[in-house]
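Join the two chains, each given in its own frame, into one complex according to the hints.
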Amino acid sequence: MKKYDNLVKNAVGRLVPTVINGEQHFPYKGVGMHRPTGKKHSPSISTCIDYPDDGNKTVASLKEALIKSGLKDGMTISTHHHFRNGDLISNQIFDIAHELGIKNLRWFPSASFPCQERMIKYMEDGTINRIEGSMNGPLGKFVSEGKMSGIGVLRSHGGRYQAIQDGEVKIDIAVIAAPTADAFGNANGVNGQAACGLLGFALGDSQYAEKVIVVTDNIVPFPCVPWQIQGNYVDFVVKVDQVGLPEKIVSGTTMITKSPDRLLIAEITAQFCEAAGLIYDGFSYQAGAGGTALSIGNYFGEILRKNNWKASFIRAGSNKYAVEMLEEGLVGYILDGQTFDLDGVRSMRENANHVATSPFTSYNFHGKGNFASMLDVVILGATEVDLNYNANVVTHSDGYLLHGIGGWQNTLFAKTTILPIPLFRDRIPVIRDEVTTICAPGEMIDVIVTERGIAINPLRQDLIDKVKNSGLPIKTIEQLKAEAEAICGVPEKPVLGDEIVAVIKWVDGTIIDAVRRVIV
Amino acid sequence: MLANFNHMPMNNYSFAGNNSPDTKSDCFVAFELRKSGGNVIDIKSKVMALYGKSIRALAEDMLNFFEIEHGHLIIEDTGALDFVLAARIEAAIKLQISSNKDYLLEGSAENKKPTQKEQFRFSRLYLPGNTPKLMISAGIHHPNGLILDLEDAVAPSKKYEAAFLVRNALRNLNFYGAERMVRINQIPKGLDDLKIVVPQYPNLILVPKCEHPDDLTLVNQAIEEIKSQHQMGDFPIWLMPIIESAKGVLNAYSIATVAMNVAALAIGLEDYTADMGTRRTTAGTESFFARSMVVNACRAAGIQPIDSVFSDVSDMNALAENVKTSKGLGFDGMGCIHPRQIAVIHENFAPEAVEIDKAKKIVLAFKEAEEKGLGVVSLGTKMIDAPVVKRAQRTILLAIETGKLEPNWEDLT
Chain A
1038 MKKYDNLVKN
1048 AVGRLVPTVI
1058 NGEQHFPYKG
1068 VGMHRPTGKK
1078 HSPSISTCID
1088 YPDDGNKTVA
1098 SLKEALIKSG
1108 LKDGMTISTH
1118 HHFRNGDLIS
1128 NQIFDIAHEL
1138 GIKNLRWFPS
1148 ASFPCQERMI
1158 KYMEDGTINR
1168 IEGSMNGPLG
1178 KFVSEGKMSG
1188 IGVLRSHGGR
1198 YQAIQDGEVK
1208 IDIAVIAAPT
1218 ADAFGNANGV
1228 NGQAACGLLG
1238 FALGDSQYAE
1248 KVIVVTDNIV
1258 PFPCVPWQIQ
1268 GNYVDFVVKV
1278 DQVGLPEKIV
1288 SGTTMITKSP
1298 DRLLIAEITA
1308 QFCEAAGLIY
1318 DGFSYQAGAG
1328 GTALSIGNYF
1338 GEILRKNNWK
1348 ASFIRAGSNK
1358 YAVEMLEEGL
1368 VGYILDGQTF
1378 DLDGVRSMRE
1388 NANHVATSPF
1398 TSYNFHGKGN
1408 FASMLDVVIL
1418 GATEVDLNYN
1428 ANVVTHSDGY
1438 LLHGIGGWQN
1448 TLFAKTTILP
1458 IPLFRDRIPV
1468 IRDEVTTICA
1478 PGEMIDVIVT
1488 ERGIAINPLR
1498 QDLIDKVKNS
1508 GLPIKTIEQL
1518 KAEAEAICGV
1528 PEKPVLGDEI
1538 VAVIKWVDGT
1548 IIDAVRRVIV
Chain B
16 MLANFNHMPM
26 NNYSFAGNNS
36 PDTKSDCFVA
46 FELRKSGGNV
56 IDIKSKVMAL
66 YGKSIRALAE
76 DMLNFFEIEH
86 GHLIIEDTGA
96 LDFVLAARIE
106 AAIKLQISSN
116 KDYLLEGSAE
126 NKKPTQKEQF
136 RFSRLYLPGN
146 TPKLMISAGI
156 HHPNGLILDL
166 EDAVAPSKKY
176 EAAFLVRNAL
186 RNLNFYGAER
196 MVRINQIPKG
206 LDDLKIVVPQ
216 YPNLILVPKC
226 EHPDDLTLVN
236 QAIEEIKSQH
246 QMGDFPIWLM
256 PIIESAKGVL
266 NAYSIATVAM
276 NVAALAIGLE
286 DYTADMGTRR
296 TTAGTESFFA
306 RSMVVNACRA
316 AGIQPIDSVF
326 SDVSDMNALA
336 ENVKTSKGLG
346 FDGMGCIHPR
356 QIAVIHENFA
366 PEAVEIDKAK
376 KIVLAFKEAE
386 EKGLGVVSLG
396 TKMIDAPVVK
406 RAQRTILLAI
416 ETGKLEPNWE
426 DLT
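Residue numbers (my numbering), protein chains in the order written: chain A, 1038 to 1557; chain B, 16 to 428.
Same shape as in the complex, but just chain B (with noise of 0.2 Å):
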């Protein structure tokens, strides 16, 4: 039993998960392969009375399932989810046998769906790959998109793991609408996450440190292969690539425009600026030709560019700065690392009041004159362009998007 947990030879097991007291929603397990005596199965949770036979029949199920006739196993749960104990019975299970199987639960329909290329994406919230506490209820703060981090947020040690847990989270999370990001570890090393993250459906894959086109070419041959051994159609597969370097800022142009399906371009200040031998400021002076490069070279291509994280999450004034100053140098998003930074972006990335005013004038008095089979719009006596058309619809989408105007405004005029 657990009791003697701690005291036995634990030579021959394996590990994966999380025990470390402040450890909750996870479970740490320890899987022995054997020769003879069976299965054996230990559990100790903190929810025994609850769930404590649900737990024990997935654990057999899963020893069934990858043909463990004598091992054992044993689990310590602090709360964790089904796709939780899941991830990490089979992590400790393939460390000791090979299998090409992979135990997946039924999955969510939601979690199969298309998003959009040009689709806003104003905020998305980073979740540490091998963090179920943080992931369980993040959508709830609606992020634009929600990151299931493999790179930076993962130590070394539990990169292998956290793979079966993202790719769990993939089919079983709720996402509450968010779109589903992953952030594959950088290139070579990210293309051995693909093969794990693509067959569930992701939305966008974020490449770190990308400086070269040729990184995205690498991607997509390898998202093509996955895609249509797991006969996924023609499901979209949008790319962000990080820039974190100065050679990525000098061929941003050239990463943006490599591929259809590359929907935005963000930037990553921490090992930018490291790249350049100098420091982050709340100035940021000595980032700001990287970022209007980034800006530059997306809106020449056509796509989004997005901002780095603001690190400090405990001073919300500051990050309001941070995001006007990047709203004004021509950003559309920025990432964010805690969920209370969300609402704070969209509220600054959101158009001002006299923006939506004139935009609402100028929607209105172009469907005017198109009711009217008018050729022009004008308004008062200004002729109105194409583009400032467009804009301002665009205005007008981004204001219902934030909350600052209803749905129906025109109802309500």
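Same shape as in the complex, but just chain A (with noise of 0.2 Å):
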């Protein structure tokens, strides 16, 4: 079998394979253009005489879960990141894979981190073929450079959702680490020494399925509430000692920032939504876990209280800094897909308005609707963005692949996209003739906000207009390349291989480009 096949020129100009690990897939089409019919993935139907009346579903051991969960070559086995880098399950099961003699196995993580490094051996070893999830890090390196045996998948968290939905990929079996749980196999994320918030990741997993292992430290009498997992999903509960190092949860990225010019690239921003008229009374926004995201969100809050306004809704994300909105009355809810901090996890515990969601209600493209597309403002960050506006999220400059999509591509469907970043990081512009890989085409980007000027899509005339009195520093995207160059020097176009050893899915399933090897 062909590692990928049938190359085609997709609608924004990449060429991208159609046949990728033996499997048929979709070239991106445009915006909204693709509109698949049919029905959604159906798991087995299960009977519940086959599990025990008194509802305990407890077994000794993950591998004995594992083993009743009928693991065998070439399965999809999920898991997910509600621990971050403090995640000590996903190991385990490529351990327990590695011992049993196992190979080429698809693991379909929501997320990975570097906790995670040790799956490099597991790749090597022919225990896992591939990762389809984001890939970082050393993970990032070792498939960058051309040496995972099948093609890696990256998809956004609601195009994750949506390819389990869909059928795209079927998931043999699902372990989803809980902080809490209870024998039955209800679960959650607000209590429990690794509490970190919710477990809306793993809620498609859970409803797709074909087997479900739900991994806890903190076993509770039944009923566990609330049960953001439903146990009736569940096939097996499994008590571990410790299921997540809680200190990890904070990643490093959910602090305000303390850079000078990246606090000035924040202030700017909120000058700017306030000048554009984007904030008011009841408007919504939603902000990444970034040092600039965060203080972006200050001073919305500033904003906000200086006109004795209030938020309908935030998107987070949440951390200490929108809980204290919240507990402020600056907003009056937060929409969570995932706690950044213990405040976050206290709040959502304690405060009815601080609401869990999943990928599923804010972000799958293939539903009755989502949240994402209400929102008025989405900060995002971004590596690179080209003249046309085009963005990437998942690779350096240089080729290699350092961040996962996250929830990113689904939340450029809110009214106005705003990437704050600075125009050259040690030396790398920003701007590009072309981005590296393309992860948003540029109609979805409404406006860059750098240290030195912003840039407004000429698509949006109406923002355009909005600000042009305002004595913000209004430029063209091409003027601040030159801007860049002319501090950085013009770079070189980096040399890639022709090799393809990744695809970036758009929020609707189809390849909207595809990752080279990095020559080393």
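These are computed hints drawn from the structure, not numbers from a lab.
Predicted model only: the values in this text are computed from it and were never measured.
Heads up, some of the hints might be wrong.
[To be verified] Listed next, the stretches of chain A that the computed footprint assigns to chain B, with coverage defined by at least 3 CB atoms under 8 Å from CB atoms of chain B:
no.	region
1	1374 to 1382
2	1426 to 1437
3	1456 to 1470
[What the hints assert, rightly or not] Each pair of labels, with its calculated beta carbon distance range:
no.	chain 1	residue 1	chain 2	residue 2	range
4	B	Asn27	A	Gln1516	43 to 51 Å
5	A	Gly1111	B	Asp76	51 to 59 Å
6	B	Glu367	A	Ala1523	37 to 45 Å
7	B	Ser393	A	Leu1496	36 to 44 Å
8	B	Lys127	A	Asp1470	29 to 37 Å
9	B	Ala124	A	Glu1515	49 to 57 Å
10	B	Glu133	A	Thr1513	30 to 38 Å
11	A	Gly1059	B	Val55	27 to 35 Å
12	B	Asn27	A	Ser1186	33 to 41 Å
Beta carbons are placed, not taken as given, at the ideal position from N, Cα and C, and that holds for glycine.
Structure, rendered in structure tokens:
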């Protein structure tokens, strides 16, 4: 079997394979152009008499649960990143698979983290065929240099739900690490020593996987409430000594930036939003977990306070800053996809207006609507943007995979998408003739805010008109690019291999770009 | 190759630049002059894929420029801009050869613009002279002045290489309109610094620990000599001596009046309080006399009194209080050590709304009187004296400069 085949040029002009790892895929056709028909995926029918009447589904070990789930060669195993870099379970799954001599697994994480570096060993020895999920740090380097057997597939959080729901990825065994669960399999993230807030990324897996294993270090008597994961989907429950490292749930990107340049970008972004009339009584926004995004939230808070306004909701990534706004009454609700710190966890546990969401509610493109498109403003990062406003969030300019897509593509459907980014990072200009990897077509990106000026997509004439006399430093994207190159020099075009190592999915499951091998 | 770099005997190598783990936008250069074998250049760069070729081309050009035929040049780069790379390479080479040539990249015309003696100097941001990362975007925070510091912010062992970096920055860094300032070392050592910085058209030289007008006379002699050597014509180079001792305080007026190009006196309170055998407090009573002396000397000499830096960069409220006190004492500006302090300083040196309103009325009345050919300006039934008009005009300028008033305010009233 060829790793990939049938290359075609897609609607953004990128040459992408349509046969990947032996499966048929569609090339990207344009925003909203791919309209699949047919039925969703349906896992096998279960019968309750096959499960204990007393509701006790506990088994002695993760190994036993995996064997009872029928673990065998070529299966798809899913895990989730609710514990971020404090995850202790993913590695154990593949340790067990390795020990059992299982080969060719597809690992389907909602995101990967540096703590899972050991998977490299299992990709080298054939335990794992490929990762379909984010690949960064050491894993990203491994994949980028063409060392993985299969082709990597990167999906957004919403795209992952869509792929599961549509049957594009059939999960054989989903392993859901949960801070608290009961013996029936009801589970949540708000209680327990490893409390992480919520378990939304595992929702689709629980609904559609053939077998579902809940792993926890905190078994409570039935019923475990709230049941963010419903036990009725769960086959086995495993008690372990420790499910996750709580101190690593807080990642380094969840503090407000101290960099004066990034604070300036945040300040200009907030000024832009104010001048463009994007902020009003009842507006809604989403900002990521990066230091710049967090300080923009702070500035939004100041604007709301000054005008005596209240935001209707924040879509988050919550942390203490969002929680403070909720508690101060500057915002009505936090609709939370993942909690980034313990203040977020506490708030979700205690405050009925701090609501757990999932990629299904917030992002799924093949659903009957989602929350992302209702947002007024979304603030996102990017590694590169090109003169057509196409944006990249997964690879560096040297071609290395370094970030997952996360909810990034999904939130592009907000009314206004703003990328506050430094014009260059350690000499590397952010604005390129062409992005290394297209993760978003230019029509989805409205505004780029840098420390040296703001560029507005010509498609948003309304915004251009509104800020015309604001005194803000509005420039064209070409001007910004020239400014960066005057400082940094004109970059050479990196030479990448022809061989494809991974593909990037758009929110509808089509392939928007392919990642080429880095020549070492 | 670099893999061997840490293991090879480096006795004959000279070094420049930084390579600690958190170094960014800088490079570390090692150079060995050899007797044979031609030139060997080893480059390890974080931006290899995008700038590898251009770094190599620069290195080759520099070896040619300094007429080196056999040498080993090692560059470990973390995203240094060309002017930084060039400064590091030049420093490493010149530690091994004697050359009176300077390797200069094409400079920007913007960086030869003169400034005015009286221009606003509310804020001046100190930039350590050997830390390129902090220089590159400093100007976008729009301080009135940017100081490339060769004195206290540079470790003694790094002074040599810092001079090349500061020289190149004066030519190639974008200052975004900020006045280009250099703090040289204390006189007499600082006189050597002048040789390397003056040919690059700095707008203002800060002379630290100035105690006597003779210090400035020496500085001016050196500046004039270099200016005529480099045919710099009448390009103005202003001086801002820093008063940092009891003796300096007592000589403040004679220092302020020793030459026409003394544009301001600054006070440095860390050293001053040490000299006085006391400690700096928030209330600042220990330095009240010194600050008042400096303000008085400057006002008498018709130049700007500039206050010391406020060193707690995390406390913006305390800084705001400090600025208000400073303004109250009569200072026209103060130093800063973090870009976030700039806005606070401008905001609090800016005239208040009532001051601006009053100034607007006076200025308009003055204009009206002029148009009508009246010799006397009056507001209501009150006559307005000339110094009052002048102060009002300055308040208006200040208000515009600090963003408190639209430049076209007259059309808007």
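Hints, one by one, checked against the model:
Under the rule that three or more residues need a Cβ within less than 8 Å of chain B, the assignment of the region 1374 to 1382 of chain A is violated, with 0 such residues. Only residues whose C-beta sits within less than 8 Å of a C-beta in chain B count toward coverage, and the region 1426 to 1437 of chain A has 3 of them, enough to reach three; the restraint holds. Coverage of the region 1456 to 1470 of chain A by chain B holds. Counting CB-CB distances below 8 Å, 4 residues qualify, and the rule asks for three or more. The given range of 43 to 51 Å is respected by B:Asn27 and A:Gln1516, whose C-beta atoms sit roughly 48 Å from each other.
Separated by about 57 Å at the C-beta atoms, A:Gly1111 and B:Asp76 satisfy the suggested range of 51 to 59 Å. Here the CB-CB span from B:Glu367 to A:Ala1523 is close to 40 Å, well matched to the stated 37 to 45 Å. A hinted range of 36 to 44 Å is violated for the C-beta pair B:Ser393 and A:Leu1496, which are about 58 Å apart. For the pair B:Lys127 and A:Asp1470, the supplied restraint of 29 to 37 Å holds, since their beta-carbon distance comes to about 32 Å.
A hinted range of 49 to 57 Å is violated for the C-beta pair B:Ala124 and A:Glu1515, which are about 22 Å apart. Look at B:Glu133 against A:Thr1513: about 37 Å separates their beta carbons, and that is inside 30 to 38 Å. Checked against the hint of 27 to 35 Å, the C-beta distance between A:Gly1059 and B:Val55 comes to roughly 49 Å, which is inconsistent with it. For B:Asn27 and A:Ser1186, the hinted distance range of 33 to 41 Å is not satisfied, since their beta carbons lie about 49 Å from each other.
This entry does not satisfy hints 1, 7, 9, 11, 12, going by the numbered hints stated previously.
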